[in-house]
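Enquirer: Using the sequences plus the hints, can you model the full thing?
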Amino acid sequence: MDVVKSAVYLLCFAASLMCMVLLLRSYLRSRSRLLLWSTLCFVGLAINNLLLFIDVVVLPTQVDLLPVRQVSAMAGVGVLLFGFIWDAE
Amino acid sequence: MLSTSYSFFTGALAALYAVAGLFFLSFWKRTRDALFVSFALAFALLALNQTVLVLGGLEREEQSWVYLLRLLAFLLIIAAIVRKNLEGRRR
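Chain order of the listed sequences is E and P. Letter by letter, the first sequence follows residues 1 to 89 in my numbering. Letter by letter, the second sequence follows residues 1 to 91 in my numbering.
Treat the hints with caution; some may be incorrect.
To be verified - Pair by pair, the computed Cβ-Cβ distance ranges are: (1) Asp-2/E <-> Thr-4/P: 28 to 36 angstroms; (2) Arg-33/E <-> Lys-29/P: 38 to 46 angstroms; (3) Ser-6/E <-> Ala-79/P: 20 to 28 angstroms; (4) Lys-29/P <-> Val-57/E: 35 to 43 angstroms; (5) Thr-61/E <-> Ala-34/P: 19 to 27 angstroms; (6) Arg-25/E <-> Ala-34/P: 35 to 43 angstroms; (7) Thr-4/P <-> Val-63/E: 17 to 25 angstroms; (8) Ala-7/E <-> Val-82/P: 31 to 39 angstroms; (9) Val-21/E <-> Leu-22/P: 34 to 42 angstroms; (10) Asp-64/E <-> Ala-12/P: 14 to 22 angstroms; (11) Glu-87/P <-> Leu-28/E: 15 to 23 angstroms.
Hint data in this document are derived by calculation from the structure and do not stem from the laboratory. Computed from a prediction, not measured in an experiment: that's the story for all the values here. Note that beta-carbon positions come from the ideal geometry of N, C-alpha and C, so glycine has one too.
Expert: Here it is in structure tokens:
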């Protein structure tokens with residue numbers, strides 16, 4: 001079960017990282033501001049998933065990264081919403 | 001972490017995800033681009049994830065199956081972006 005769990009966390013990190021790269025590629029091609037905000041959002045979410053993996057799988061008993069994890073997710077969505085509201089016509 | 005501040009942040013995150021989801025829904029309404037529906041759905045799942053966590057009193061997300069909601073959300077987004085990229089290439 002632990003292996004499955006570790007795999008899921010790692011997969012979530014890989015997924016958000018992949019989203020980040022794909023969005024960045026699209027942004028560089030189209031220069032759409034919306035894609036830039038989405039890319040930044042996924043930077044936050046990727047950091048969040050990486051911290052989760054470190055917190056739970058790599059150093060389960062040594063550290064508690066929950067507060068940092070919360071802040072990274074918050075920063076990601078916060079930037080996204082800031083961009084949406086700022087750029088909305 | 002204090003459980004009150006944990007609940008506060010989890011709740012705030014749920015609301016933020018939900019609002020982001022609504023934005024994507026309104027983009028979809030304007031452009032009819034299927035990509036935005038997937039994003040809206042994924043952010044709704046992330047909001048649901050946070051809501052279930054805090055209402056279920058699960059302080060640490062990773063201790064339960066709830067985490068699968070997050071995985072589903074990310075897979076949804078990846079599928080949508082990949083499809084979008086393939087579409088663009090064909091055109």
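Enquirer: None of the hints should be skipped; say for each whether it holds.
Expert: Here's how the hints hold up against the structure:
1. Hint check: Asp-2/E to Thr-4/P, Cβ distance near 31 angstroms, so the stated range 28 to 36 angstroms holds.
2. At about 19 angstroms, the CB distance of Arg-33/E to Lys-29/P disagrees with the hint of 38 to 46 angstroms.
3. Roughly 23 angstroms separates the CB atoms of Ser-6/E and Ala-79/P, a value that falls within the hinted 20 to 28 angstroms.
4. Distance hint for Lys-29/P and Val-57/E: a CB-CB separation of about 40 angstroms, consistent with the stated range 35 to 43 angstroms.
5. Checked against the hint of 19 to 27 angstroms, the C-beta distance between Thr-61/E and Ala-34/P comes to roughly 44 angstroms, which is inconsistent with it.
6. Look at Arg-25/E against Ala-34/P: about 19 angstroms separates their beta carbons, and that is not inside 35 to 43 angstroms.
7. Between Thr-4/P and Val-63/E the CB atoms are about 22 angstroms apart, so this pair conforms to the stated range of 17 to 25 angstroms.
8. The hinted range of 31 to 39 angstroms is not satisfied by Ala-7/E and Val-82/P, whose Cβ atoms lie roughly 21 angstroms apart.
9. The given range of 34 to 42 angstroms is broken by Val-21/E and Leu-22/P, whose C-beta atoms sit roughly 26 angstroms from each other.
10. Look at Asp-64/E against Ala-12/P: about 20 angstroms separates their beta carbons, and that is inside 14 to 22 angstroms.
11. Roughly 18 angstroms separates the CB atoms of Glu-87/P and Leu-28/E, a value that falls within the hinted 15 to 23 angstroms.
Comparing the model with each numbered hint stated earlier shows that hints 2, 5, 6, 8, 9 do not hold.
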